[in-house]
Amino acid sequence: MDITKVTSKRLFLPGIIFFFLAVLALFYPLYAPAYYVIQLTAIFMYIVLTMSWVIFSGPTGYISLAPAAFFGVGIYTSAVLGKALSLPIVICAGGLVSFCLALLVGALTLRLRGIYFAIFTFGLVELIKQLLLYWEINITHTRGRFVILVSNNTIYYVMLAILAILLITAYIIRRSKYGLALQSIGEDEEAAAHTGINITALKTVIFAVSAIFIGATGAIMATRWTYIDPYIAFNPLFSFMPVLMAIFGGMGQFYGPIIGATIFAYLEEVLITRFPYYYMLIFGLILIISILFLPNGLVGLLQKWRKGDLAKQDENP
Amino acid sequence: MVVKILDVVIAGLLMGGLYALIAMGLSLQYGVARVLNISHGEFMMLGAFITWLLYSAFGVNPLVSLAICGPVAFIIGFLLHRTLFTRLRISSASAGAYEGSSMLAAFGLLFIIQNIALAIWGANVRAYSYLGFGVNLGGALFAANRLVTLGFAVLIGLGFYTFLARTRLGKAIRAAAQDSATAGLMGVNINKVLALCFGFGALMAGFAGTLISMCYPIDANMGLGYTIIAIIVVALGGLGSIPGSFIGGFILGLIGSIVTYIEPGLSLAAYYLLFMLLLIVRPKGILGK
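Sequences listed follow chains A and B, in order. Throughout the first sequence, residue numbering follows this note's numbering, covering 1 to 317 in sequence. Throughout the second sequence, residue numbering follows this note's numbering, covering 1 to 289 in sequence.
Please keep in mind that the hints were generated in silico from the structure rather than gathered at the bench. Keep in mind it's a predicted model, so treat the numbers as computed, not measured. Don't take every hint at face value.
[What the hints assert, rightly or not] Subject to a maximum C-alpha distance of 20 Å in a straight line, what follows is the list of computed SDA-like cross-link-like pairs (lysine to any residue):
hint, chain 1, residue 1, chain 2, residue 2
1, A, Lys-83, A, Val-150
2, A, Lys-304, B, Ala-93
3, A, Lys-304, B, Ser-91
4, A, Lys-83, A, Thr-226
5, B, Lys-192, B, Ile-258
6, A, Lys-304, B, Ser-92
Put together the whole structure using the sequences plus the hints.
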């Protein structure tokens with residue numbers, strides 16, 4: 001992964017595009033129909049899930065299947081606290097709770113190598129789901145909970161704010177020495193430890209920071225469903241989607257996961273309404289195809305074409 | 001009280017035999033072929049549905065289906081490894097990268113197989129009754145089909161163990177399990193052996209599917225739960241160890257049976273908890289090296 005090849009020379013054009021997109025996003029709900037606002041909110045949600053996954057798993061190569069756990073924890077925080085506290089506090093609480101969970105999980109498990117970490121995080125989602133189910137059936141004798149309703153535009157703006165903060169955080173982490181340290185952990189963990197990086201602490205903290213955004217997203221998105229239960233909140237699909245979107249988009253560039261998430265969120269919207277049964281089937285096919293043929297994602301493909309063009313130019317000056 | 005204990009223990013052993021069979025397949029696929037096959041349970045689900053279909057539509061004896069489902073699963077598994085996973089293995093930069101990407105590809109397979117099954121058979125629960133009469137074991141009553149299941153699970157396990165220990169191909173598989181690159185240098189056709197291992201793993205899953213359909217209701221969503229149990233058993237018993245799979249399977253079966261006796265709602269949670277504790281305390285498993 002050529003993460004180091006982020007150049008600051010070409011920042012000008014992306015900066016302008018980004019600025020225009022931000023202004024557009026800010027005024028979008030004032031003019032667009034409600035349906036499109038909801039759709040864009042869903043896209044934002046997937047971008048946040050994917051980008052937060054990439055912050056940690058992109059450079060280190062640890063495949064975390066925990067996003068569904070953090071997302072679900074956020075949803076449940078919102079369901080439990082939603083009636084008592086105001087929205088901003090609930091959202092912060094969602095982030096905080098999943099931060100704590102990630103800190104705990106990270107401290108316990110980030111010594112596990114590779115695949116065991118993936119299974120552990122996947123087991124975590126199921127464990128929380130099972131415990132919650134048991135709690136609801138045997139102790140509170142209720143199945144599921146109702147969530148307070150919030151207007152579509154409020155959800156939209158909160159998601160936009162979370163997205164903006166996340167993008168800035170991700171960019172800062174990526175450009176800082178911590179980003180480089182994460183990358184060297186991904187290349188060779190022992191070598192990274194020998195150069196003086198406190199690998200366990202760094203991994204745990206970054207993992208937990210990335211969980212904040214997922215938890216906060218869960219807390220706000222919970223208000224979109226009026227009713228939640230453990231199966232809805234801890235749907236393992238929310239763990240796989242970010243992985244797929246990141247791989248599909250390509251993690252070599254900062255904007256890769258954003259592109260991947262946007263395309264997929266849109267695809268989901270289209271496929272789920274037209275082919276509800278075959279949606280997951282197509283999902284699986286795309287997953288396999290992108291692993292086989294797009295190891296560096298769409299961005300990698302674009303770069304290859306670009307390099308091809310450059311090589312041609314060199315041949316015929 | 002004694003009968004109660006006997007009841008719980010035998011129920012655990014009966015369950016454990018099935019767990020061991022599923023885990024043995026996964027242990028081959030992950031321990032030798034290095035593919036953490038999350039779609040393992042889907043092969044089992046296919047086996048279960050083929051058996052159910054043959055029995056309910058044509059009245060084929062499930063024990064005959066055993067000889068159909070296993071080979072079908074084997075062929076699918078073998079071909080999948082030859083096309084998909086071999087390609088991935090060659091193009092992956094490192095062993096670690098291959099483990100990650102093959103696991104994700106297996107997740108893709110899971111979605112594909114599961115949703116094909118859902119499209120064909122729907123999400124309904126299916127069941128048929130075969131050898132459903134009771135057998136008295138020291139005061140505790142068990143259905144005959146569950147005893148037959150345990151018998152076949154042990155038989156298949158023993159058969160495969162002998163195959164690994166006594167034949168030339170078995171030796172090649174054991175060599176590949178220890179170090180596939182070196183085994184390749186020693187003249188083992190490594191692509192073929194790994195594909196065979198993957199196929200054998202699928203074969204076990206096919207067998208297990210047939211056996212499970214004899215005792216329990218089946219549905220198209222059942223795969224993942226069994227895959228996770230297989231992963232836990234493999235982690236418990238140690239990777240690539242067939243006796244380990246059996247010990248792990250019986251331990252998990254017993255724990256499940258005890259927890260179910262005390263508090264039925266918590267048995268799955270107990271599995272996950274056990275698994276996560278195990279990963280933290282002893283990731284190598286009981287018989288792992």
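Exercise for review: Against the earlier hints, flag every one the structure doesn't satisfy and list their numbers going up.
Suggested key: 5
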